[in-house]
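K.L.:
Here is what each chain is made of, one letter per residue.
There are 2 protein chains.
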Amino acid sequence: MALHILITNDDGYQAPGLRALAEALTEVGRVVVVAPDRERSGGGHAITAHKPLRVDPVDIGPGIEGYRVNGSPADCVKLGIDALLERAPDLVFSGINAGANLGTDILYSGTVSGAVEGAIYGVPSAALSLVRGEEGEPENYSEAAAFAVRLARLLMERGLPEGILLNVNVPAPRAEGPGNGVRITRLGVRRYRDVFHRRTDPRGKAYYWLAGRAVDLDQGPDTDASAVREGYISVTPIHFDLTHHEMIQTLKGWDWSFLLSPA
Amino acid sequence: MALHILITNDDGYQAPGLRALAEALTEVGRVVVVAPDRERSGGGHAITAHKPLRVDPVDIGPGIEGYRVNGSPADCVKLGIDALLERAPDLVFSGINAGANLGTDILYSGTVSGAVEGAIYGVPSAALSLVRGEEGEPENYSEAAAFAVRLARLLMERGLPEGILLNVNVPAPRAEGPGNGVRITRLGVRRYRDVFHRRTDPRGKAYYWLAGRAVDLDQGPDTDASAVREGYISVTPIHFDLTHHEMIQTLKGWDWSFLLSPA
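Chains G and S, in that order, are what the protein sequence lines are.
If you're matching positions, the first sequence starts at 1 in our numbering and goes up one per residue.
If you're matching positions, the second sequence starts at 1 in our numbering and goes up one per residue.
It is possible that part of the hints are untrue.
Repeated chains share a single entry, so a pair holds when one copy, or any two copies, can fit it.
As the list claims (entries may be wrong) - Mimicking EDC-like on lysine to aspartate or glutamate, the simulated pairs with C-alpha atoms at most 20 Å apart in a straight line are:
1. Lys252 to Glu162
2. Lys205 to Asp216
3. Lys51 to Asp37
4. Lys252 to Asp222
5. Lys51 to Glu139
6. Lys51 to Asp82
7. Lys51 to Glu65
8. Lys51 to Glu39
9. Lys252 to Glu230
Hints are computed from structural coordinates only; laboratory data are not their basis.
These numbers come from a predicted model, not from an experiment.
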């Protein structure tokens, strides 16, 4: 069975992680890449409504159909499914991102938003990220790409319930140690300390750089951050129904009657 | 008790909905506005890491401390709490947005992302949106602003559990009909039909406009979309733990053993 796989990312169509993923997945089926024309990291779940989107064919590698778009990962997936592909893909994969997407941070992640968009269309989807290794160490996507191939096969065998997608983080390759297993995890809670650096420009005016180091407030062994720290591939099931269902009953008990009288 | 309220939005610091909200809330406490310098709609939960953020004082109205920032609503809340305010605010309100933020669409909403950012910092937070009325009808934010004042008081009385925030949609003001009550709702599912318009530029090259009309796939009376359609103020408790906890057990039952043998 030839799968039909749509790939996007948020590092842009030239990123080595995207190319490694696309190349590896040609083993499993037909691969179409629709990716941003430049890096979009930190762009969250943006969509582009205020300017026209341009689509240009690009060379991603042998046997891969490639397009670059002047938009976000979510735009790319929307365009791919609605305008470029003749039928809905069997899978949407987003990545492989250069750097982790863990815990609360996935709210800001363009990589994850690409996969969420796939899931909104009802297509089994996954976001894939490679945790950065030591400073200066070259990124090696081969393990993560090999995992993506196996995951694609597993997803076609098992499927995913409507509205659920997978967020995958592969730890940085290590020379020593055992082969990495998988740990099924939940999202941890990340906060940032010392978030802004305040500086002064040559004209004496202040400006701020977003900085800060990640602190995992939630050290549970079942969190995604713990898993990758301990050398496991983290697989987290996520969904996009942000409703907090239990809180509905609580809120119904509040006194909203002020609305019946003049403020 | 003088509350300390941080306000942001995604329509920019000049938007009338922001000004109506800020002005109304001066009745309840000290109001600080930190808002984007221009419209950021559709920007999702973006953060700005690739360029410095500039902060300029702006006049929002009497008794209101105002700043504009060349960043997203999430940037504004981060900057406000981490760099501009001397202590954490008691409330973060985002809005009042010109137009609804309902169902799946909140994933793309800058308005909601401003309130989510407040909740990430542990501050009781709400996103407020005014549903658009008939074409050409001027937007009247007074009812929504009056509701925000009452909601601020209710939130200070009741608090919100860590990690939960409120997404509020106020229906378009109607001349006839009863005063609007509140309905506590869940997020519905919105999809778009006919998403892209394909056009050809003067040089014969194709481009695409994001378009499409919203279709509420989920017509349950307890959804946010149903509530505002029937003239109620919709209040939805949301959270930002995207983990699908029930699916964790299912995934643990899948066969991941392929990782132990060479691919």
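K.L.:
Please sort lysine 252 with glutamate 230 into within, between, both or neither, judging by C-alpha distance up to 20 Å.
P.N.:
For lysine 252 and glutamate 230, the Cα distance is within 20 Å only across copies (18 Å; inside one copy 43 Å).
K.L.:
For the identical chains here, do lysine 51 and glutamate 39 meet the 20 Å Cα criterion within one copy, between copies, both, or neither?
P.N.:
Both, since 18 Å and 13 Å are each at most 20 Å.
K.L.:
At most 20 Å between CA atoms: does that hold for lysine 51 and aspartate 37 within a copy, between copies, both, or neither?
P.N.:
Result: close both inside a copy and across copies, 15 Å intra and 19 Å inter.
K.L.:
For lysine 252 vs glutamate 162, is the C-alpha pair at or below 20 Å within one copy, between two copies, both, or neither?
P.N.:
Between copies only: 18 Å across chains, 28 Å inside a chain, cut-off 20 Å.
K.L.:
With identical chains treated as interchangeable, where does the CA-CA distance between lysine 51 and glutamate 65 reach 20 Å or less: within a copy, between copies, both, or neither?
P.N.:
Classified as neither; 25 Å inside a copy, 33 Å across copies.
K.L.:
When no copy is specified for lysine 205 and aspartate 216, does a C-alpha distance of 20 Å or less occur within a copy, between copies, both, or neither?
P.N.:
Classified as neither: same-chain Cα gap 34 Å, cross-chain 48 Å, threshold 20 Å.
K.L.:
Tell me, please, which holds for lysine 51 and aspartate 82 at an alpha-carbon limit of 20 Å: within, between, both or neither?
P.N.:
within (18 Å within a copy, 33 Å between copies)
K.L.:
Please sort lysine 252 with aspartate 222 into within, between, both or neither, judging by C-alpha distance up to 20 Å.
P.N.:
The answer is between: 12 Å across copies meets 20 Å, while 33 Å in one copy does not.
K.L.:
With 20 Å as the alpha-carbon cut-off, assign the pair lysine 51 and glutamate 139 to within, between, both or neither.
P.N.:
neither (35 Å within a copy, 25 Å between copies)
Of the numbered hints listed earlier, those contradicted by the structure are 2, 5 and 7.
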